[in-house]
Amino acid sequence: MPDSPMAPPRSFLWSRRVFLALLAAFVLTPVYVMVSSSLKPLADVTGRFRWLPSELTIRPYIDIWSTVPLADYFVNSLIVAGAATVCSVVVAVFAAYAVSRHEFRGKRVFTVTVLSTQMLPGILFLLPLFLMYVNIGNATGIALFGSRGGLILTYLTFSLPFSIWMLIGYFDSVPRDLDEAALVDGCGPLGALFRVVVPAAVPGIVAVAVYAFMTAWGEVLFASVMTNDTTRTLAVGLQGYSTLNDVYWNQIMAASLVVSVPVVAGFLLLQRYLVAGLTAGAVK
Amino acid sequence: MRSIRAAAVGAVTLSLALAATACGGGTSTGGSDDSPKTLTYWASNQGASVAVDKKVLQPELDKFEKQTGIKVKLEVVPWSDLLNRILTATTSGQGPDVLNIGNTWSASLQATGALLPWDQQNFAKIGGRDRFVEAALGSTGVQGKDPAAVPLYSMAYALYYNKKIFADAGISKPPATWDELIADGRKIKARGKSVLGAEGANLSENIHHVFVFAKQHGADFFAADGKPDFTSPKVVEAVKSYVDLMAKDKVIPPGDAEYAQNQSVSDFAKGKQAMLLWQSAAANLKSQGMSEDAYGIAPVPVRSGTPGQGSQVNSMVAGINIAVFKNTHNLDGARKFVKFMTSDAEQKILNTAYSTVPPVASAQQDPAFGAPDTAVLKNTLATSAAALPQVPSESQFETTVGTAVKELFADAAAGRAVTTDSVKAKLEKAQQQMPAA
Amino acid sequence: MTTTALKEPVRETSPGAARAPRRRPGRIRRLSLPYLLLLPALLLELLVHLVPMAIGIVMSFKELTQFYIRDWGTAPWSGLDNYRVSVDFDAPVGKALLQSFGVTVGFTLLSVALCWLIGTAAAVFMQDTFRGRGLLRALFLVPYALPVYTAVITWVFMFQHDNGLVNHVLHDQLHLTGEPSFWLIGDNSFYALLTVSVWKGWPFAFLIVTAGLQNIPRELYEAAALDGAGTWQQIRRITLPSLRPVNQVLVLVLFLWTFNDFNTPFVLFGRAAPEAADLISVHIYQASFVTWNFGTGSAMSVLLLLFLLVVTGGYLLLTSRGRRTSDA
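Protein chains in written order, with my numbering: chain E, 1 to 284; chain Z, 1 to 437; chain R, 1 to 328.
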């Protein structure tokens, strides 16, 4: 403990060891089950649970692609979550910049309104939103219902409140002198935003992007109502493995793993930014 | 701030106006023939998997295209999604042209007014109403109204039993009454096998069984005027005697209380369990690797005597209907497609593939449907099956009563007593959740 | 929008705006700039949240059953009927709603408390560097990073009655229970749901508290150490009090997310959740989608919204007042 002036007492060290070990076991068990079951033959997962596979097989990883059109779902999820993330970040950056750097009438109303939408239960606006999309489609010909576009639009607003809130905090922590200097140098306000504030706020923006992506990647309720055969996302598509006569648990686990790896890997790679972003932004 | 509020008010009014004027999209009374060359078809999941269904149906659709020049876009919708998808399609007016529905939903969907009514004229286009078996037509909508759909596949429940387990336990013939089944159960359990499978957490399965139990107790879930009547002593007794198969008679293993994904079928296919009450399970069992010689098929038991009508009913009229969305853009093509699907030739091909019974009388005569297992189903349909209540609130009935039975199974599995009072309380709650109208 | 925007900000230019050099001729543009920047966010919020909410409120006053869903504009007004049915706690619909509400409140309180407790403890224990800390932190974030449905589906697999890991460990290996228990149906489902929710939720608390800890000035600890305070005392006297503002937001966010959670119970139990774990979101989903009664479903949603408004408002009022007095 080099940076601590006093070595912690033994009671602290022991509680720490025990607590963290138990917690790690709790966290790891499902992860272990997911990984090990995905490598088991079907007989292992339809009978009594066993810790170790009777034989290791990668069969489930091959079968998942043909049992349901997983690749299609994957592409859909990637497009939807990717686009929602990009749009959400851009919109949030603009809005947070406005709130952080400008004084204007309605600022408080805006922040409070946006933040309070965070507490809306999704179930409240599922049906109205669905009806609206349908009617907008009928009136204008823009297909929102059933399309990826509609889903992108929906998801990007899901992450928007939290993103704006976090970015306001982050932008506030970027010294004002920086963008004022840029303004003096002849940049417009937007120039100042993109050349100075955004680069200085990269950790915050990454954190927001990660959050937005995860939100869109994991959403079930709206995806189940607003997608069709061609636009179905992973969240709904994975249920395809259990509507069969037999529940192919090994394939479900394999597919879950395949679906999770991109987000988990991305998340873990970027978690440093996330903590930094949260430190400067949200929890300030 | 004022401006924001103004903008908000503006946007709200605008979208409300949009919603009010443009709503539904399909509110026009009839269909049109705007796009005569294409059709969208939602098929239900009849085979072992969605992929199997596509394999079965696609060649037929290609045939149809060759005959008529109409391209059919197929989507096979899993059962877990189907009702919701139909519901959203109804609400939005953006649905398929032709679709499969569970025949028990006919009256409920009929009430939405989204489906094309099969009146004299429409029936004439597909060869007339007389082509269909009367029992199957009984599950196509409220009595006295034009059917909302046309029968496509018929199914009935039967008792599937594992021949080897029966032989090992010294049982010579499948049980014909519940008492026999319970007695046989003791012998089977002595051999270390479980007796009877059930899908305790599957609402529809629960409904199908308690409906038959109610019939056997001389009771109905709906009074003659279409009002729910879930709490009459006979209904309560019927529901209790079904749940008692687990709670008191111990023939259904407690583990089945959480089954909802046909696990009981795989238990049976794997030889863990001696009996299964299922509709048209043959194709299903085959796909799970159970050979046809390994199991026998018999009528579902009754309380006493032999299956028949009234209290001798031993199955619901199960099946799939095919319907046309009223706002289709290819009305003529849709009717042609229904005609094609209900033609003798297609009926033979499809019903063979799914091990179901054709609801078309002439197709039913085909020797392909004379095999012993189909014979049992056919006979049950003809003599001892009854249609689920054809009332608009049927789908709610499935949900509310199905949930009540699921909860009773959960009680039984947890070792809690299932009493007349506890059954009645659950059914009371179910009844009061039903729509007032 | 621009008309009012033009006049107002001039009068009350903030220090920030005043310091910005006014060199551009386009003053009008400058003044409307914040609104332009906000416009996308505002429009999106309106389209996806606020307008649907308004429509939802309208729907709650209509008799929107299967007979009218095809053309809900023609559904008859039903006045307060939907609300009356929802809050008639003597009749089963109201009783079931109340029971679901009770379950949700109990579940949320327990889940938030556990998430907060575990998250804070882990963050505090991991404040100082030790070998393997980085790895452990990454590991701890995995449940949060996993997509909800994959995580929950794995738990479903583990909670199965016959073949699940939980019963295998509790019953077959540890012999703690005489009979294997049911986790996905019946009363135990509450604990199953709670377990999954905590497993999934605590890393968020951990993440936020970890971030919060980094804002505590090191000098505070050094000063305390000089005063002779041990590690435990430092945690009690410095760490926990310094986290108060972070906790204020964290607890609220956790509360709202848990209370409104739909994904977890839905994937865990399907459309008909067991009574003991009948969370309000799924309950309303079932009331509207499964029984095709969107009017009553909407009324229940509105009631839920009102409740959340009151709780959130009350919480913010209470905590900010508490904070002000403690700051003073």
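Source of the hints: derived by calculation from the structure; they are not laboratory data.
None of the values given here were measured: they were computed from a predicted structure.
No residue lacks a Cβ here, since even glycine has one placed at the ideal position from N, Cα and C.
Please note that a few of the clues may not be correct.
As the list claims (entries may be wrong) - Derived pair list, reagent style EDC-like, types lysine to aspartate or glutamate, alpha-carbon separation capped at 16 Å:
#1 R:LYS95 / Z:GLU428
#2 Z:LYS348 / Z:ASP119
#3 Z:LYS71 / Z:ASP421
#4 Z:LYS125 / Z:ASP332
#5 Z:LYS272 / R:ASP187
#6 Z:LYS339 / Z:GLU65
#7 Z:LYS339 / Z:ASP130
#8 Z:LYS339 / Z:ASP81
#9 Z:LYS336 / Z:GLU346
#10 Z:LYS73 / E:ASP229
#11 Z:LYS348 / Z:ASP332
#12 Z:LYS54 / E:ASP229
#13 Z:LYS234 / Z:ASP421
#14 Z:LYS270 / R:ASP162
To be verified - Computed footprint of chain R on chain E, listed as stretches where at least three residues anywhere in the stretch have a Cβ under 8 Å from a Cβ of chain R:
#15 10-24
#16 36-46
#17 52-65
#18 149-157
#19 169-176
#20 197-206
- Query: Are the Cα positions of Z:LYS234 and Z:ASP421 separated by 16 Å at most?
  - Reply: holds, 13 Å
- Within 16 Å, alpha carbon to alpha carbon, are Z:LYS339 and Z:ASP130? holds, 13 Å
- Check whether three or more residues of the stretch 52-65 of chain E sit with their beta carbon closer than 8 Å to a beta carbon of chain R. Contact hint for the stretch 52-65 of chain E vs chain R: violated, 0 residues under 8 Å.
- Proximity test - 8 Å, beta-carbon atoms, the stretch 10-24 of chain E to chain R, at least three hits: Since three or more residues must qualify, the claim that chain R covers the stretch 10-24 of chain E holds, with 8 doing so at under 8 Å.
- Task: For the pair supplied as a hint, Z:LYS73 and E:ASP229, confirm whether the alpha-carbon distance does not exceed 16 Å.
- Result: holds, 11 Å
- Query: Under the criterion that the straight-line Cα-Cα distance not exceed 16 Å, is the pair Z:LYS272, R:ASP187 satisfied?
  - Reply: violated, 28 Å
- Z:LYS348 and Z:ASP332: Cα distance at most 16 Å? violated, 24 Å
- 16 Å Cα cutoff - pair Z:LYS339, Z:GLU65: Given pair Z:LYS339, Z:GLU65 holds - Cα atoms ~13 Å apart, limit 16 Å.
- Message: Against the 16 Å threshold, does the CA-CA distance of Z:LYS336 and Z:GLU346 hold or violate the hint?
- Response: holds, 13 Å
- Compare the distance between the alpha carbons of Z:LYS54 and E:ASP229 with 16 Å, and conclude whether the hinted pair is satisfied. Status holds; Cα separation ~13 Å.
- Given pair status - R:ASP162, Z:LYS270, alpha carbons within 16 Å: At roughly 15 Å apart (the allowed maximum being 16 Å), R:ASP162 and Z:LYS270 satisfy the hint.
- Straight-line alpha-carbon gap R:LYS95 to Z:GLU428, limit 16 Å: Answer holds: R:LYS95 to Z:GLU428 is near 12 Å, not above 16 Å.
Of the numbered hints given earlier, the model fails hints 2, 3, 5, 8, 11, 17, 19 and 20; all others are met.
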